[in-house]
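Novice: Each chain is listed here by its residues.
There are 2 protein chains.
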Amino acid sequence: MSVDDLIKSLNFNDKGLIPSIIQDDATGKVLTLCYMNEAALRKTFEEGRIYLFRRSRSMLMMKGSTSGHVQIVKKIYIDCAENSLLFRIEQKGGACHAGWFTCYYRETDRAGKVKVVEKKVFEPSKVYTQGR
Amino acid sequence: MSVDDLIKSLNFNDKGLIPSIIQDDATGKVLTLCYMNEAALRKTFEEGRIYLFRRSRSMLMMKGSTSGHVQIVKKIYIDCAENSLLFRIEQKGGACHAGWFTCYYRETDRAGKVKVVEKKVFEPSKVYTQGR
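Chains as they are written, first to last, in the working numbering: chain E, 1 to 132; chain S, 1 to 132.
Take the hints with a grain of salt, since some may be wrong.
Calculated cross-link-like contacts (lysine-lysine; reagent style DSS-like; alpha-carbon spacing at most 27 Å) [unchecked claim]: (1) S/K43 - E/K29; (2) S/K119 - E/K8; (3) E/K119 - S/K75; (4) S/K75 - S/K15; (5) S/K29 - E/K92; (6) E/K115 - S/K74; (7) S/K8 - S/K75; (8) S/K113 - E/K43; (9) S/K74 - E/K113; (10) S/K115 - E/K75; (11) S/K43 - E/K113; (12) E/K115 - S/K43; (13) S/K75 - S/K29; (14) S/K120 - E/K75; (15) E/K43 - S/K29; (16) E/K15 - S/K119; (17) E/K43 - S/K119.
To give an idea of the interface, some chain S residues facing chain E are shown, with a C-beta separation under 7 Å as derived from the structure [as the list claims (entries may be wrong)]: (18) V3; (19) L10; (20) F12; (21) L33; (22) S84; (23) L86; (24) A98; (25) E107; (26) T108; (27) V114; (28) V116.
One side of the interface only, derived from the structure: several residues of chain E facing chain S at Cβ under 10 Å [claimed, not checked]: (29) V3; (30) D5; (31) L6; (32) T27; (33) N37; (34) F45; (35) L60; (36) K75; (37) D79; (38) N83; (39) G93; (40) C96.
The set of hints was computed from the structure by calculation and includes no laboratory data.
Every value quoted in this text rests on a predicted model; they were computed, and no experiment measured them.
Ideal Cβ positions, reconstructed from N, Cα and C, are used throughout, including at glycine.
Taking the hints into account, I'd like the entire structure generated from these sequences.
Specialist: The structure is reproduced here in structure tokens:
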């Protein structure tokens, strides 16, 4: 199967996107859930860096293009329904724009009590000097 | 914060759903991406078992209610944008309806070459005798 065939076999949602789980390959930590359109997926396969479709700005971008916190693709998995993907990656810096290694930096118990369980790995105001 | 307050703080999508990543707590393997509506989330918090909103059937169900392959909640995380959740769980049997431990049982390389990288943990025809 070629990348073209693979992309054709996937079920993009009604907005033309496929949700992609990003997991740190070294630690196993889940970092983000991002959304890729066909162009983002194609670039990700070509370059081995995570590209995503930023829904808030409706634009294709390489993850880390502003911050340097790129995600280097190690392994790619397809789910049983061909409607989501899993990428195991090497994370440079932190995945979360708010300064954390993972976007899932807050834990809640089943009573709804929330606490921060990660340490900051960078200071956003120093990294995003021209906004994101 | 109570569970009510927590649920109010979340950003459900335009279909009233929040995507939830399910990860096996023991192995770190990502198992599925499921979708919860408010009722499913509330039941998950109350009972400590994953409930989901089956989009194909528009119904609330406990994961594993037919197969016995329930997912016991160990840890719950909230992402930075409050629009996705991560559950670390204990998986009974296999998470994938097709008989695999994880729905991400196929790996692809960057050239689009796909291979199965898991072993079957159950035979679907023996588990789902009355359909899913």
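Novice: If a hint holds in the structure, say so; if it doesn't, say that too.
Specialist: Against the structure, the hints:
no.: 1; hint: S/K43 - E/K29; verdict: holds, 26 Å
no.: 2; hint: S/K119 - E/K8; verdict: holds, 26 Å
no.: 3; hint: E/K119 - S/K75; verdict: holds, 18 Å
no.: 4; hint: S/K75 - S/K15; verdict: holds, 26 Å
no.: 5; hint: S/K29 - E/K92; verdict: holds, 21 Å
no.: 6; hint: E/K115 - S/K74; verdict: holds, 15 Å
no.: 7; hint: S/K8 - S/K75; verdict: holds, 20 Å
no.: 8; hint: S/K113 - E/K43; verdict: holds, 17 Å
no.: 9; hint: S/K74 - E/K113; verdict: holds, 15 Å
no.: 10; hint: S/K115 - E/K75; verdict: holds, 12 Å
no.: 11; hint: S/K43 - E/K113; verdict: holds, 17 Å
no.: 12; hint: E/K115 - S/K43; verdict: holds, 21 Å
no.: 13; hint: S/K75 - S/K29; verdict: holds, 14 Å
no.: 14; hint: S/K120 - E/K75; verdict: holds, 20 Å
no.: 15; hint: E/K43 - S/K29; verdict: holds, 26 Å
no.: 16; hint: E/K15 - S/K119; verdict: violated, 34 Å
no.: 17; hint: E/K43 - S/K119; verdict: violated, 31 Å
no.: 18; hint: V3; verdict: holds, 4 Å
no.: 19; hint: L10; verdict: violated, 10 Å
no.: 20; hint: F12; verdict: violated, 14 Å
no.: 21; hint: L33; verdict: holds, 5 Å
no.: 22; hint: S84; verdict: holds, 5 Å
no.: 23; hint: L86; verdict: holds, 5 Å
no.: 24; hint: A98; verdict: holds, 5 Å
no.: 25; hint: E107; verdict: holds, 5 Å
no.: 26; hint: T108; verdict: holds, 5 Å
no.: 27; hint: V114; verdict: holds, 6 Å
no.: 28; hint: V116; verdict: violated, 10 Å
no.: 29; hint: V3; verdict: holds, 4 Å
no.: 30; hint: D5; verdict: holds, 6 Å
no.: 31; hint: L6; verdict: holds, 4 Å
no.: 32; hint: T27; verdict: holds, 8 Å
no.: 33; hint: N37; verdict: violated, 17 Å
no.: 34; hint: F45; verdict: holds, 5 Å
no.: 35; hint: L60; verdict: violated, 18 Å
no.: 36; hint: K75; verdict: holds, 6 Å
no.: 37; hint: D79; verdict: holds, 4 Å
no.: 38; hint: N83; verdict: holds, 8 Å
no.: 39; hint: G93; verdict: violated, 15 Å
no.: 40; hint: C96; verdict: holds, 5 Å
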